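Participant: Here is what each chain is made of, one letter per residue.
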Amino acid sequence: MTAPVLTIHDLHLSYPARGATGTVHAVRGVSMEVGAGEVVALVGESGCGKSSLARAVLQLRRPDAGRIVLEAPDGPLPLHELTGNALRHARRWMQVVFQDPYASLDPRMSVGDAVAEPLRAFGLARGAESRKRVAKLLEQVGLGSAVASRFPHELSGGQRQRVGIARALAPEPRIVLLDEAVSALDVSLRAQVLNLLLDLRRDLDLAMLFITHDLAVVRAIADRVAVMYLGELVEVGFRDTLLRSPRHPYTRALLDAVPVPDPARQAGRTLVALGGEPPSQESVPRGCGFANRCPLAEERCFSERPRLRPVDGTAVSCHLA
Amino acid sequence: MSRRETKPLNRAPHRTFAARFLVLVGVVAVLVPLLPLAAPSEVRLEEKLAPPSFGTLWRDGFEPDRIRDPGPLSRVLIDARIAVFGDGQLGPLLGTDALGRCLLSRLAWGARLSLAVGLVASAISLIIGVLWGAVAGYSGGRVDDIMMRIVDILYALPLMFIVIFVVALLRGFRNEHPELETNQIIVLFAVIGATSWLTMARIVRGQVLSLRGTEFMDAARAAGSTNLSILRRHVLPNVTPIVLVTLTLTIPRVMLFEAFLSFLGLGVEAPDVSWGVLARQGFDALTAVHVSAWLILFPGLAFASTLLAMNVLGDRLRDATDPRLRGDRR
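If you read the sequences in order, they're chains Z and D. For the first sequence, our numbering gives the first residue as 1, with consecutive numbering after it. For the second sequence, our numbering gives the first residue as 1, with consecutive numbering after it.
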């Protein structure tokens, strides 16, 4: 791995629980790195804290604890310490593409203005120069510069998502966070957008943290994969290793849940089906978060919290791996 | 603009009519001095309480000096009027009041003041209400709590009482310092405006609060926009439609309030004329022996039809800005 662009260390984020006095622990001590030009996929089921992690990393929601360091051209930026204007300018180097292409564009702002927004906000370009760069960005994502004068409701979901990507690329960031950026798209569009992202990564040496629950997407795009469960990373490793020989029982169950497009092989598979539900994030268990659903769980799994440790080149958080 | 977009309007002729009527009232209000009308305070005691008649269509005797301190615009218009019509003027077609003043002329001049009060006070409430609501909704948390509690408290106060109190205070102040020439109309503008922004603030705050949860606001922040530019570029444009609709409801409400105050003798003072003042004078002219119905009828009619037209137009504006009614066009 090359030098990390983004380093997350022991990140914690919690919300006050709705109505009650409790606290929802959405992210519990996540540490990870994303190297320059690397694509890291963050996978996990709904509600496991993937999006909360993204929000905390972007400082859209202040984390409770933890360090987030972004490597900018003129030195490392400790995002968790920055406030006000310093934080605003630091955002230039880390952009985001949101999940919902309908909700993430202002319905009353033209596409051109939306893409130009980061250029203007970071003071990178204005006037004719800005229009030229917007046109180029729109071409780059395969939309054509004529789209600039349109409004979001005139575009399809796929086109909107491309606008979101063009906008994220506008300030020439070092890393882009993609929060379920292709989940809302239908399959053909998804392939288009993924190819586009791979092209951009090759051309711009762009690092990506790709949040998804779709393992097909992971296969298509990721260098490394991080599996998240109940606010923690349970397994982190290179894509092929992790997908071929998952170490953590949860990763195994996750992979088993994907049907194989071959009836004969699908019938012959021994599947580890998961029973039950993840524990409430308001009362996180003392031991392993997965123990109550784990087919292999032993007594120690319920009392002792496992830590990420290296096993054959993969990091796994399981006593039994 | 597609053809489909104009069609629903044609299917609602009363809306077109309402719009034209309002334009007419507006034009008359602005251009009164240009019209060949008697000065609104030209007293002809020998003609007092004359009923509406077309007996005298035209006559001489315009007295420009009877128009109390006209502004620069009015002065120009009066000069133009003298150049065109000389000292000719229309007769009292709608009758006269207890001092023999021409009701038609007074209605036209009254429109001026009534509309001005409605517009200026609404503008004040627009500025305060939108800013207050936007800041409260956007800041959220404690700032929101404090700002909205202030609104709640003001809502709970009896505004009528406060206005009466302020106007009474002002009268006392004027009696002590006649040299300052404080204008009660200005105070009226300020008082009504300052008390009518509460609804606007609440509506804007609710809208902003719901906007704050949308993803595009996070996206704007991630794109490096400052709070100020998010307010200007994302919040305000998305709040505008509902503000416009609220405004069309505020203007008639404020006009009604002005008329009410003037009717009570707390608003516009003679010799200035507003529709509320006219209604008051019509009411005063009612006696057991002599009923001058026109003095109540015409000001009432003018006021009622203006308010009705505004409400119809407000409806239309609401329809036009509601995406469910606008459909998926463009």
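I should point out that these hints are in silico values taken from the structure, not numbers from a laboratory. Nothing here was measured: the structure is a model prediction, and the numbers come from that model. Be careful, since some hints might not be right.
What the hints assert, rightly or not - Take a look, some chain D residues computed to stay more than 10 Å from chain Z by CB distance:
| id | residue |
| --- | --- |
| 1 | Phe85 |
| 2 | Ile128 |
| 3 | Leu131 |
| 4 | Leu154 |
| 5 | Ile185 |
| 6 | Asp218 |
| 7 | Arg221 |
| 8 | Ala223 |
| 9 | Gly224 |
| 10 | Arg233 |
| 11 | Leu244 |
| 12 | Asn311 |
| 13 | Arg316 |
| 14 | Arg318 |
| 15 | Asp319 |
Stated by the list, open to error - Cβ-Cβ distance ranges computed for the label pairs, FRET-style:
| id | chain 1 | residue 1 | chain 2 | residue 2 | range |
| --- | --- | --- | --- | --- | --- |
| 16 | D | Ser210 | Z | Ser145 | 44 to 52 Å |
| 17 | Z | Thr83 | D | Glu269 | 27 to 35 Å |
| 18 | Z | Gly123 | D | Ala270 | 56 to 64 Å |
| 19 | D | Phe173 | Z | Arg18 | 51 to 59 Å |
| 20 | D | Thr16 | Z | Lys136 | 52 to 60 Å |
All C-beta atoms in this analysis are idealised placements derived from N, C-alpha and C, irrespective of residue type, glycine included.
Participant: Find the hints from earlier in the document that the structure breaks and name them by number, from lowest to highest.
Facilitator: 6, 7, 8, 9, 10, 16, 17, 20
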